[in-house]
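Fit chain B to the supplied structure of chain A, relying on the hints for placement.
These are the residues of each chain, in order.
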Amino acid sequence: MGARVGVVVFPGTNCEYDAATALASLGADVRYVWHHTASLEGLDVVVLPGGFAHGDYLRPGAIASFSEVMGAVVEFAASGGAVVGICNGFQVLCEAGLLPGALQKNAGLTFLCEPTEVVVASSRSVLTSGVAVGTPLTIPINHFSGSYVCDAATLASLHDGDRVLLRYTRNPNGSMDDIAGIANEAGNVVGLMPHPERASSALLGSTDGCVLLGALLSNVRAMV
Amino acid sequence: MRFDARVEVTLREGIADPEGATIERALPALGFLGVHEVRAGRSFRLVLDADSEAAARELAQSLADRLLANPVLERAAVELAAR
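Line by line, the protein sequences are chains A and B. Residue numbers for the first sequence follow this note's numbering, beginning at 121 and rising by one. Residue numbers for the second sequence follow this note's numbering, beginning at 724 and rising by one.
Think of the hints as simulated: they come from the structure by calculation, not from any bench. The model shown is predicted, which means the values in this text are computed figures rather than measured ones. Backbone N, C-alpha and C define an ideal beta-carbon position, used for all residues, glycine too. Careful: at least some of the hints might be erroneous.
Footprint (simulated), chain B over chain A, 3 or more residues, beta carbon under 8 Å [to be verified]: (1) 176-184; (2) 225-238; (3) 316-324.
FRET-style restraints, in silico, Cβ to Cβ [stated by the list, open to error]: (4) V770/B <-> E188/A: 25 to 31 Å; (5) R789/B <-> D282/A: 28 to 34 Å; (6) V770/B <-> T255/A: 52 to 58 Å; (7) S766/B <-> T258/A: 40 to 46 Å; (8) T258/A <-> A749/B: 31 to 37 Å; (9) P794/B <-> L229/A: 18 to 24 Å.
From the derived model, a few chain B residues whose C-beta atoms are all more than 12 Å from chain A [unchecked claim]: (10) L750; (11) L782; (12) A792.
The shape of chain A in the complex, shown without the other chains:
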């Protein structure tokens, strides 16, 4: 049986079909999880996909981080469940305190929508375990607030714990330390700005996203 993946849908989420389609094509058993849901029972992975949850009002992810489902995501993460936030989902995880730091407006104040090269910087996470450090991946970004910021102590703890998962080859948004994705201490909660689901078919121009999503599904199967 494939890994059981829940794709969380907030009002304003718009990448849930792409994420579900990409994961299903890799063998996952996918279902959608509405933001009012308080239980994530029976899931191996929770994905928070991209979009503009609650219109990005206040700050991206700020309102979504208080959703009913997020209480369940916090518990799910605490019990070791795999949680992956993509783009807006990464912003939600930071706002919810599941990942440190924040995502600020891009340095150039422009919305960026383009294929971007990132390099795998750590294999110590549920998304990158099994993927060699140094692997270059071309995956699209699609964001206005993708510039990763944290204080010096947090950055040091990310380095010490080998928790920077992905770095941009050519930093597009002013992210500190070229950071494109990070993990929590345990490595089971991951956030990244690039959209692997948009690089999941040759028709889309790249299949590099499958390297990450495929690793996620096989790592979760190994955990179960």
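What follows is chain B alone, placed relative to chain A:
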């Protein structure tokens, strides 16, 4: 008692402010010279019911720190006036 509150959310010192920087760069083109250190932020107006000014301040500051500002990037300053 009822209070008018204004919460001003600004980026912390040391956090890059691309919006402020863009505004600052635009000013000379409009003939406004000698303007420095432009910082962008946002302002919220709220009406609060509380037993005292101290309680109103506590309420405004805590809701600002919990929701209106992201403490990683921003700080929130509260101004109060009794109605």
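Closer than 8 Å, Cβ to Cβ, for at least three residues: run that test on the segment 316-324 of chain A against chain B and report holds or violated. violated (count 0)
For the segment 225-238 of chain A, count the residues whose Cβ lies under 8 Å from any Cβ of chain B; is that count three or more? Our answer is that it holds, as 5 residues pass the Cβ test (under 8 Å) against chain B, meeting three.
Could you tell me whether the CB distance from P794/B to L229/A stays inside 18 to 24 Å? 23 Å, holds
Just tell me: holds or violated, for the beta carbon distance of T258/A and A749/B against 31 to 37 Å? Given about 35 Å between the Cβ atoms, the range holds.
With d taken as the least Cβ-Cβ distance between L782/B and chain A, does d exceed 12 Å? Its Cβ never comes within 12 Å of chain A, the nearest being 18 Å, so this holds.
Range first: 40 to 46 Å. Now tell me if the beta carbons of S766/B and T258/A are that far apart. Holds, since S766/B and T258/A (Cβ atoms, about 42 Å apart) stay within the stated range.
Range hint 52 to 58 Å (beta carbons of V770/B and T255/A) holds or violated: 55 Å, holds
Claimed coverage, the segment 176-184 of chain A by chain B - three or more beta carbons nearer than 8 Å: holds (count 3)
Range hint 28 to 34 Å (beta carbons of R789/B and D282/A) holds or violated: The hinted range 28 to 34 Å holds for R789/B and D282/A, with Cβ atoms some 32 Å apart.
For the pair V770/B and E188/A, does the Cβ-Cβ distance stay inside 25 to 31 Å? 28 Å, holds
L750/B and chain A, when compared Cβ to Cβ, separated by more than 12 Å: 16 Å, holds
Is it correct that the beta-carbon of A792/B has no partner in chain A closer than or equal to 12 Å? Its Cβ does come within 12 Å of chain A, the nearest being 9 Å, so this is violated.
In summary, the structure is inconsistent with hints 3 and 12 from the numbered list given earlier, while agreeing with the others.
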